[in-house]
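Enquirer: Chains as they are written, first to last, in my numbering: chain E, 1 to 488; chain Y, 1 to 488; chain D, 1 to 488.
The reader is advised that the hints may include incorrect statements.
As the list makes no split between identical chains, a pair holds if one copy fits it or if it spans any two.
Said to hold, decoys possible - BS3-like cross-link-like pairs, simulated, lysine-lysine; straight-line CA separation at most 25 Å:
1. Lys308 / Lys232
2. Lys232 / Lys152
3. Lys307 / Lys152
4. Lys449 / Lys308
5. Lys308 / Lys387
6. Lys387 / Lys307
7. Lys449 / Lys387
8. Lys232 / Lys307
9. Lys387 / Lys232
Simulated from the structure, these hints should not be mistaken for lab results.
Letter by letter, the chains look like this.
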Amino acid sequence: MNHISRNLLTLESTEIDLNVFFLLWATTLVFIMQGGFMLLEVGSVSIRNTKNILFKNAFDVCISACCFYLWGYAFAYGDDSSGGFIGTTEFALSDMEKRRSSGENSFAGSISQGHLRADAAFFYAHFAFALSFAATAATIMSGAVAERMNFKAYIPLTVLTVSFIYPMVAHWVWSSKGWMSAFKVDAGSRLFGVGVVDFAGSLVVHVVGGTAALVACWYIGPRSERFGIGGKINELPMQSPVFQMFGTILMWFGWYGFNTGSVGVYVRGDQFEGASRYIVARTAVCTTIAAAFGGLSVVVFDLARNKKQISPQRMNNGILTGLVSISGSCALVHPALAVLIGIVAGIVYSLSSSLLLRRRIDDVVDAVPIHLFGGVWGLIATALFTKESFYNLVYNTPDSQRAYCGAFIGCGKNAGNVLAAALVGLLVVTSFTAAMIYASIVFLENVVKVPLRVASAVESQGLDHSTHFGRAYTELQTTIFQYTTKSG
Amino acid sequence: MNHISRNLLTLESTEIDLNVFFLLWATTLVFIMQGGFMLLEVGSVSIRNTKNILFKNAFDVCISACCFYLWGYAFAYGDDSSGGFIGTTEFALSDMEKRRSSGENSFAGSISQGHLRADAAFFYAHFAFALSFAATAATIMSGAVAERMNFKAYIPLTVLTVSFIYPMVAHWVWSSKGWMSAFKVDAGSRLFGVGVVDFAGSLVVHVVGGTAALVACWYIGPRSERFGIGGKINELPMQSPVFQMFGTILMWFGWYGFNTGSVGVYVRGDQFEGASRYIVARTAVCTTIAAAFGGLSVVVFDLARNKKQISPQRMNNGILTGLVSISGSCALVHPALAVLIGIVAGIVYSLSSSLLLRRRIDDVVDAVPIHLFGGVWGLIATALFTKESFYNLVYNTPDSQRAYCGAFIGCGKNAGNVLAAALVGLLVVTSFTAAMIYASIVFLENVVKVPLRVASAVESQGLDHSTHFGRAYTELQTTIFQYTTKSG
Amino acid sequence: MNHISRNLLTLESTEIDLNVFFLLWATTLVFIMQGGFMLLEVGSVSIRNTKNILFKNAFDVCISACCFYLWGYAFAYGDDSSGGFIGTTEFALSDMEKRRSSGENSFAGSISQGHLRADAAFFYAHFAFALSFAATAATIMSGAVAERMNFKAYIPLTVLTVSFIYPMVAHWVWSSKGWMSAFKVDAGSRLFGVGVVDFAGSLVVHVVGGTAALVACWYIGPRSERFGIGGKINELPMQSPVFQMFGTILMWFGWYGFNTGSVGVYVRGDQFEGASRYIVARTAVCTTIAAAFGGLSVVVFDLARNKKQISPQRMNNGILTGLVSISGSCALVHPALAVLIGIVAGIVYSLSSSLLLRRRIDDVVDAVPIHLFGGVWGLIATALFTKESFYNLVYNTPDSQRAYCGAFIGCGKNAGNVLAAALVGLLVVTSFTAAMIYASIVFLENVVKVPLRVASAVESQGLDHSTHFGRAYTELQTTIFQYTTKSG
């Protein structure tokens with residue numbers, strides 16, 4: 001091998017180096033979103049439940065890592081002989097090292113470039129990135145049911161989400177063999193010819209987490225003091241708007257990894273060389289724009305109704321709904337459409353938040369409006385606005401089968417296919433998630449005899465007292481428990 | 001095209017991949033500085049104004065993204081047929097996609113390497129990075145005027161800063177066509193032959209933000225209880241030194257992106273190959289050193305006057321002034337000079353902070369000493385210590401025109417040119433910023449009838465009560481409003 | 001030079017670009033660990049000592065940067081004519097620029113690839129990364145002795161740690177000339193043929209910091225109210241579990257830089273091309289797994305004893321012990337062994353934490369169980385589980401001398417050598433650190449007349465009152481000082 005040949009091999013190796021580095025960078029950003037969730041949630045609860053919500057958040061990270069390592073990754077990205085329903089290899093990453101030592105290059109995922117070591121390096125990075133997504137999906141529920149959920153029921157529901165629900169949905173939508181995946185190599189066999197288009201998880205992460213939150217929230221019922229007689233809604237104490245706000249900013253920060261990292265392979269060795277970085281950079285810009293317009297949308301919407309008061313908390317929720325909504329389409333739309341997606345996200349948040357209150361569903365951090373409703377809007381927006389050329393690029397569509405795009409971005413024909421696939425995906429994923437969570441709750445309550453909800457006295461005293469060695473902030477004097485009332 | 005040729009093309013592509021990734025990494029770091037600003041500011045105000053300052057900070061991020069996307073970037077980095085005063089293309093990034101699809105490579109900025117996709121990817125990343133700078137400049141004022149500013153006046157001033165003031169100054173100093181830019185391709189036409197040398201924004205970001213803060217702070221007057229009779233200075237309540245300190249650390253963290261990202265193109269394909277990474281790495285080291293010596297300088301300075309007490313808050317402000325001061329010159333000086341710049345920064349902070357108090361200007365977070373005085377020192381330090389070879393490298397000076405350096409780092413001739421340009425730049429930028437802010441305030445107060453300051457009763461009760469649905473921390477008992485008095 | 005040759009040169013340059021970028025990314029992650037330490041520590045102390053602990057943490061960062069720049073880096077990584085005991089060049093980084101301008105490529109470290117500029121860029125980045133490690137080692141003690149240590153004694157001990165203790169140990173273990181280094185180019189001269197195997201600092205960072213903490217903690221004695229009569233242990237007030245928890249998450253985040261960055265050179269131009277990224281990606285996965293299992297291990301261990309209560313604080317300490325324990329071996333073991341290392345780490349934490357209490361040693365943040373005991377376990381685990389091929393790869397062992405591995409991972413012969421070297425290293429490093437700290441304390445107390453401990457009245461009133469211009473949170477009403485008592 002002469003000097004030039006060795007260097008060209010090195011070039012291919014350098015590309016993989018860059019891909020692995022890029023994915024690890026994105027992984028760390030998604031990881032710190034867990035800190036954002038934690039701060040947002042603890043900021044939104046009473047000081048009586050501080051340690052409880054902190055525990056749930058940190059526990060989510062730990063249990064997600066354990067379960068996803070042991071079997072979740074296998075279910076999501078393992079090889080699949082089940083016709084697209086579940087993966088069955090890669091338990092405890094066992095096959096990674098085997099693949100490395102055998103020199104085998106194949107993988108259930110869509111990527112098979114590079115040489116021996118490349119595979120193992122890239123797949124380890126891919127596991128780390130995939131895990132950070134699973135942990136995100138698993139932690140969404142924790143805030144919604146805060147202040148009254150029994151941790152003995154919380155633990156199995158988290159284990160279920162990160163072990164089965166999230167991995168299976170990820171397998172269906174994002175594995176190259178998933179039955180509704182847009183990554184299917186044989187484009188002709190994609191659902192409605194396109195598969196479910198969900199770039200960074202409006203459906204797979206947020207609708208899954210949001211649906212779990214809604215079912216648990218509905219089943220467990222509102223906090224005792226939340227709803228008064230005669231339609232009154234009581235604003236229960238929120239311990240710190242600082243934590244709530246900084247948590248939001250930290251999640252926004254992490255979302256740059258969430259959305260850009262979803263491109264997966266940053267440097268492509270094929271004819272689309274240079275395309276991935278273009279997608280990545282545009283994705284970062286679209287993410288920023290949707291978040292900003294989402295936040296402003298809620299402020300303007302609120303100011304239109306109340307000219308004097310602004311709620312920073314609601315602005316934050318608008319930002320987050322913007323981020324959830326752009327996740328599905330961030331790589332597939334123009335920045336100008338990110339403006340529209342963000343503005344609508346703010347309105348979706350505002351309306352769905354009111355809807356939940358009218359239905360007497362008490363979601364402490366508005367996880368359902370943000371993740372479920374924002375996720376649904378994100379999925380539909382993707383189906384409406386996906387640009388044909390972007391779709392082809394992201395999903396490696398062969399030339400012979402290129403003719404799909406969002407319903408509102410005319411590409412001559414088949415305009416409704418992405419939307420049809422999205423609606424099928426939405427129906428299946430929400431039904432599956434809701435059924436799994438509901439069945440588990442019924443099983444826990446009736447068979448295992450672990451009630452979902454703590455006793456009324458425990459709730460009133462705060463969960464920290466009975467479950468976490470006493471309440472936090474013992475040096476500070478607290479007020480008699482208070483809340484303000486407004487007409488709902 | 002044979003195998004080797006394709007791979008060499010790929011190599012050029014890989015370089016651009018690295019540039020885009022580097023810029024996005026830096027962008028995320030600068031983004032999280034917003035979290036730092038937020039925590040520092042909320043930590044410095046009374047709990048009566050918690051939600052208000054949080055709102056202002058998050059609003060700054062959102063409105064900056066919207067305005068800079070729609071027109072600010074166009075004014076700053078759009079093409080310019082106005083002779084160096086303002087850009088007039090790239091509104092809503094419209095020309096990016098157009099450029100991508102047309103294959104056009106030209107750009108108002110100084111970079112024109114790479115092929116088709118490279119441009120669009122790089123320019124999207126450049127937009128993201130530039131936006132993070134604009135948001136930083138816009139948010140500096142918020143802390144200075146905290147606890148008494150009407151948010152209805154705050155909003156238009158922020159919009160003005162991020163839409164016009166910052167973009168125009170950035171255009172003048174950093175666009176390749178700006179009238180005082182050191183990036184002008186025709187080096188002969190640079191101001192005094194060199195242009196205004198401000199690598200990462202001592203002038204463009206910090207002096208601009210600091211001047212706006214000073215004008216607003218001076219106009220609005222001190223908080224009611226800040227100054228007592230007979231020259232007394234009252235230390236008003238600061239809600240949390242933890243937030244103030246952690247905010248500082250977070251800003252330091254983000255500053256690595258701020259300063260290293262300013263190199264813009266990490267991998268250069270020209271004869272200066274390898275130079276950018278060298279600049280980047282040295283910049284990171286200089287940043288660390290100036291921050292550390294800035295913080296210690298204040299501690300030592302204070303201990304010399306009071307042997308028993310140390311203020312962590314003032315140490316933090318010393319760190320921040322060190323960071324502001326090194327921004328202008330971080331790529332242009334030796335680390336040993338960063339030591340000097342940091343030490344002097346601490347003294348500049350200490351003296352200017354006292355000066356403001358003597359002049360009865362009440363700057364809640366010392367934004368003016370840190371950003372304005374620190375920025376002025378940073379600009380002058382750059383003019384004094386810039387090394388000739390570093391200048392030539394950073395600003396692509398053609399061989400025929402290389403003979404400029406800092407006043408104190410003799411390069412044979414023209415030693416005063418960088419300083420002369422800096423002083424002209426400083427005079428113009430401060431005058432422009434001050435005039436714009438002042439005129440806007442007068443307009444707001446007298447024409448639109450929006451007063452800058454809230455009513456006295458509102459200030460006394462706290463802004464959260466009247467503007468943000470009630471105060472924060474309702475579960476905690478508060479003391480009767482107190483402050484300590486010292487002789488000033 | 002023709003087109004192809006220029007491009008191949010460029011390829012080598014691009015590899016160095018990637019190495020520098022990678023190291024800077026890791027450096028910023030390790031930097032933000034300082035914010036994690038700060039929050040964890042301030043969350044664990046009484047509000048009476050808020051500013052004091054904040055000051056100590058920020059001061060550590062600043063003084064570390066100054067001392068390590070001026071002389072610490074020279075002692076650690078300067079060239080060595082002392083036979084492996086201390087470096088004596090690179091003071092104030094003076095030789096970096098000299099080397100750059102002279103074109104010299106040699107360096108005391110193990111890396112000598114690339115051309116002129118590459119060296120200076122890489123070595124600046126290496127300095128930044130090494131500094132972030134030194135600051136970590138220096139700050140470990142601060143939490144252990146919180147709430148009763150005199151800052152006038154704290155300052156010289158920190159200066160000592162970052163100037164001499166840490167740099168010398170780093171020189172011994174990590175410099176290519178260190179007497180117990182596994183990086184020695186002449187593999188035959190490595191201690192027991194292998195040197196002390198400590199990939200990312202279980203020994204060099206954590207045992208050093210933990211030993212300093214133990215000596216200081218033991219010498220200074222417990223906080224006045226910590227231990228009651230008859231073996232009672234009083235749980236003293238902890239100001240915020242939120243800060244303690246978020247600090248933990250932030251440290252976990254930063255640990256990804258700590259462990260992956262320790263690979264040093266991300267792209268290798270030798271026959272091991274592709275190996276570094278593989279090590280890096282696997283390291284990230286092992287880090288995650290050990291942290292998660294460490295946290296869960298403590299929860300399960302605690303639940304086995306008390307079926308109703310869970311302490312989030314102890315879970316966090318389990319996470320941190322897992323991170324400390326995997327540091328030594330993260331690049332050298334399979335992920336499945338990271339599970340074991342994490343589980344044992346949780347038990348090590350739990351047992352050593354109890355041991356300290358029984359010995360009446362009062363470590364406010366459990367720094368000794370986490371860093372010292374966790375570090376010892378990490379070092380021993382490395383000696384037990386290191387895989388032969390990974391060792392050869394990481395330490396560039398020539399083919400003629402490859403036959404070493406962990407004691408429990410049989411490689412035919414020499415199975416005990418890594419363990420023997422580890423035990424020698426452990427003995428020397430702990431003895432050296434303890435002796436240096438102890439001698440300094442005795443010198444400070446008896447010669448300089450600076451007592452280690454503040455007066456009893458000062459401790460009772462809180463350090464903020466006398467040393468930092470009054471206590472924090474003046475707006476909040478505090479309870480009469482309280483603590484809960486449990487039988488120990």
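Enquirer: For each hint, tell me whether it holds in the structure or not.
Expert: Okay, the hints, checked on the actual structure:
When the C-alpha separation of lysine 308 and lysine 232 is checked against a cutoff of 25 Å, the pair qualifies only within one copy, where the shortest distance is 22 Å, while the shortest distance between copies is 35 Å. In the homo-oligomer, the alpha carbons of lysine 232 and lysine 152 never lie at most 25 Å apart, since the shortest distance is 32 Å inside one protomer and 31 Å across protomers. For the identical chains of this complex, lysine 307 and lysine 152 are inter-copy neighbours only, at 11 Å across copies versus 45 Å inside a copy, given an alpha-carbon limit of 25 Å. Within a single copy, lysine 449 and lysine 308 get their C-alpha atoms only as close as 50 Å, which misses the 25 Å cut-off; across copies the closest is 16 Å, which meets it.
For the homomeric pair lysine 308 and lysine 387, neither the shortest alpha-carbon distance inside one copy (41 Å) nor that between copies (54 Å) is at most 25 Å. In the homo-oligomer, the alpha carbons of lysine 387 and lysine 307 never lie at most 25 Å apart, since the shortest distance is 39 Å inside one protomer and 55 Å across protomers. In this assembly of identical chains, the alpha carbons of lysine 449 and lysine 387 never lie at most 25 Å apart, being 51 Å within a copy and 47 Å across copies at closest. Taking the shortest alpha-carbon separations for lysine 232 and lysine 307, only the intra-copy value of 23 Å comes in at or below 25 Å, while the best inter-copy value is 39 Å.
In this homomeric assembly, lysine 387 and lysine 232 never come within 25 Å of each other (Cα to Cα): the closest approach is 46 Å inside a single copy and 65 Å across copies.
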